[in-house]
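J.: The residues making up each chain are set out below.
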Amino acid sequence: MTITEQILAVHAGREQVSPGELINAKVDIVLANDITAPIAIREFEKTGAADVFDRDRIAFIPDHFTPQKDIRAAEQCRMLRDFARDYNLGLYFEVGRMGVEHALLPEQGIVLPGDLVIGADSHTCTYGALGAFSTGVGSTDAAAAMATGECWFRVPESMKLIYYGKLNRWVGGKDLILHTIGAIGVDGALYRAMEFEGEAISSLPMAGRLTMCNMAIEAGAKNGIIVPDRVTEEYVKPRAKRRYAFYSSGEDATYVDVREYDCSKIPLTVSCPHLPSNTRPAEELSSVAIDQVVVGSCTNGRLEDIREAAEIIKGRKVHPDTRMIVIPATQQIYLDALKEGLAEIFIEAGAVFSTPTCGPCLGGHMGVLAKGERAVATTNRNFTGRMGHPESEVYLANPAVAAASAVKGRIAVPEEVL
Amino acid sequence: MILKGKVWKFGDNIDTDAIIPARYLNTSDPHELAKHVMEDADREFPSKVGAGDMIVAGANFGCGSSREHAPIAIRAAGIQAVVAKSFARIFYRNAFNIGLPIFESEEAPGGIREGDEIEIDADGGAIRNITKGEEYAAKPIPPFMQELIAAGGLIEWTKKRITSP
Ligand code: SF4
Numbered sequence: 091m092t093i094t095e096q097i098l099a100v101h102a103g104r105e106q107v108s109p110g111e112l113i114n115a116k117v118d119i120v121l122a123n124d125i126t127a128p129i130a131i132r133e134f135e136k137t138g139a140a141d142v143f144d145r146d147r148i149a150f151i152p153d154h155f156t157p158q159k160d161i162r163a164a165e166q167c168r169m170l171r172d173f174a175r176d177y178n179l180g181l182y183f184e185v186g187r188m189g190v191e192h193a194l195l196p197e198q199g200i201v202l203p204g205d206l207v208i209g210a211d212s213h214t215c216t217y218g219a220l221g222a223f224s225t226g227v228g229s230t231d232a233a234a235a236m237a238t239g240e241c242w243f244r245v246p247e248s249m250k251l252i253y254y255g256k257l258n259r260w261v262g263g264k265d266l267i268l269h270t271i272g273a274i275g276v277d278g279a280l281y282r283a284m285e286f287e288g289e290a291i292s293s294l295p296m297a298g299r300l301t302m303c304n305m306a307i308e309a310g311a312k313n314g315i316i317v318p319d320r321v322t323e324e325y326v327k328p329r330a331k332r333r334y335a336f337y338s339s340g341e342d343a344t345y346v347d348v349r350e351y352d353c354s355k356i357p358l359t360v361s362c363p364h365l366p367s368n369t370r371p372a373e374e375l376s377s378v379a380i381d382q383v384v385v386g387s388c389t390n391g392r393l394e395d396i397r398e399a400a401e402i403i404k405g406r407k408v409h410p411d412t413r414m415i416v417i418p419a420t421q422q423i424y425l426d427a428l429k430e431g432l433a434e435i436f437i438e439a440g441a442v443f444s445t446p447t448c449g450p451c452l453g454g455h456m457g458v459l460a461k462g463e464r465a466v467a468t469t470n471r472n473f474t475g476r477m478g479h480p481e482s483e484v485y486l487a488n489p490a491v492a493a494a495s496a497v498k499g500r501i502a503v504p505e506e507v508l
Numbered sequence: 814m815i816l817k818g819k820v821w822k823f824g825d826n827i828d829t830d831a832i833i834p835a836r837y838l839n840t841s842d843p844h845e846l847a848k849h850v851m852e853d854a855d856r857e858f859p860s861k862v863g864a865g866d867m868i869v870a871g872a873n874f875g876c877g878s879s880r881e882h883a884p885i886a887i888r889a890a891g892i893q894a895v896v897a898k899s900f901a902r903i904f905y906r907n908a909f910n911i912g913l914p915i916f917e918s919e920e921a922p923g924g925i926r927e928g929d930e931i932e933i934d935a936d937g938g939a940i941r942n943i944t945k946g947e948e949y950a951a952k953p954i955p956p957f958m959q960e961l962i963a964a965g966g967l968i969e970w971t972k973k974r975i976t977s978p
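Residue numbers (this note's numbering), protein chains in the order written: chain A, 91 to 508; chain B, 814 to 978.
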């Protein structure tokens, strides 16, 4: 069995599962946010359950429209807070203690290797980077799991993506996944598990692995996953407060598709509007003028990402015709960035340095685009209207390309400013 | 169950931001959401669509976010069913979980034009184009999903399991 099948089998109490089978499995963590939890709460109440299945296994994270951007958003957040209080939830993260959910849960050691995690948010697939099976579901699925501790799944077929060779300078997890989505398309992994491996993955730090698994959904995948190794162990050990298990794919594992990528041929990659699969080498886009740059989100809002952008911005200025917004993904990252002097670098360059929020990533607040405006963002989606007006545009890139673009006021690669 | 209605056509990769833009997600009220359904794919859609209409689309319908607001907005706008070449997986689960009938068909999206009148035989898995006099096959609905539909959606199904484990 593949690692995905093994984790599903263990949680379904079975020796074996195979692709296509429908199973009922126990979940380790159920997640919902300020957009999806209100519906989950209403549906949960309809089940007639007397209590939640486990008060310490349900994470409620108000991160999308927080700090509460308007009255409606505040009302939604209040539903989460009230429910967390009523059911004494152990994993409720109030504004000031929160972070973008998919950055926060791994960072706090709440999701762990070998776990089965569902979240009412599509980027729940992020935790595959730890060697967990995690997938996005809807609010009703989350509600049922909050009541029963179980969820139904169709066991996905797995595809394997092998990355060999050395990465080019400034190329990271973001470029690998954008390049891959460009190659296979936004439904290239529909209903499948994407298993990433190869020497480039082995030497990729956890931040880059989280970025890759985060965007598995952008290829239509059910989950992204990386077999845990020494990098995983080093990341998880100091954070975990409960037991975890490493699974790996067996000799007998079968894959519907195996693809190989030579990393020396993968350039700094940008996804052009309006699909993540619409990729081009960053170098070819130097005529694209930019109104706004966003560094942040569950894709690239970790400390490593903020550092990378800071390295390029340091001692330089954001272009007069461009605004730059930097949003660390969690309070911890925010604090670390302050201590390291990174906040200062951005502020001196003329950028915004904000408290954690999803904010502009989904066109919510804190940097919404006007008609005709164009942004380079380290986020994960560039659909029509994603960051604001339906006639605005989003280009997806890694933090180094985003920062270089902020300096130049157009899409640029780091070498042009360093 | 036979569903009959007039068709609105859409292309491939209709994402959840097109179905219901994130800027409207500060509410989960179905009627509020319905006012903006498919707005970023077609500005006029919320005012044109009528109760009982159908959506027929290409591949990967509903890709993007996990927001259940997407099938909820479609249903609240009065749309009876969605036919597509394929569905993104979270949208697929959500539709069954909340009871929005959806059908996967390889041929139907190619044959059906906007404004055609179609009839879907939900049990038999056939889609008939009344306007053109054609018939297309839909993929059979897996037994477990049929069980969900028969129970009245995931919550009803769960309720039964809680009361009689
Ligand atoms: S940062 Fe963006 S993609 Fe990530 S959870 Fe928030 S809105 Fe979703």
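It should be emphasised that the hints constitute simulated quantities derived from the structure, not laboratory data.
This structure is a prediction, so every number in the text was calculated from the model and none was measured.
Using N, Cα and C, we set each Cβ at its ideal position, and we do this for glycine too.
Heads up, a few of these hints could be off.
Claimed, not checked - Beta-carbon label-pair distances, calculated as ranges:
1) ALA964(B) / ASP146(A): 23 to 31 Å
2) GLU857(B) / ARG320(A): 52 to 60 Å
3) ALA330(A) / SER860(B): 51 to 59 Å
4) ASP855(B) / ARG329(A): 45 to 53 Å
5) ASP842(B) / THR445(A): 27 to 35 Å
6) ASP176(A) / GLU927(B): 42 to 50 Å
J.: Hint by hint, say whether it matches the structure.
T.: Structure-based check of each hint:
{"no.": "1", "hint": "ALA964(B) / ASP146(A): 23 to 31 Å", "result": "30 Å, holds"}
{"no.": "2", "hint": "GLU857(B) / ARG320(A): 52 to 60 Å", "result": "56 Å, holds"}
{"no.": "3", "hint": "ALA330(A) / SER860(B): 51 to 59 Å", "result": "53 Å, holds"}
{"no.": "4", "hint": "ASP855(B) / ARG329(A): 45 to 53 Å", "result": "47 Å, holds"}
{"no.": "5", "hint": "ASP842(B) / THR445(A): 27 to 35 Å", "result": "28 Å, holds"}
{"no.": "6", "hint": "ASP176(A) / GLU927(B): 42 to 50 Å", "result": "48 Å, holds"}
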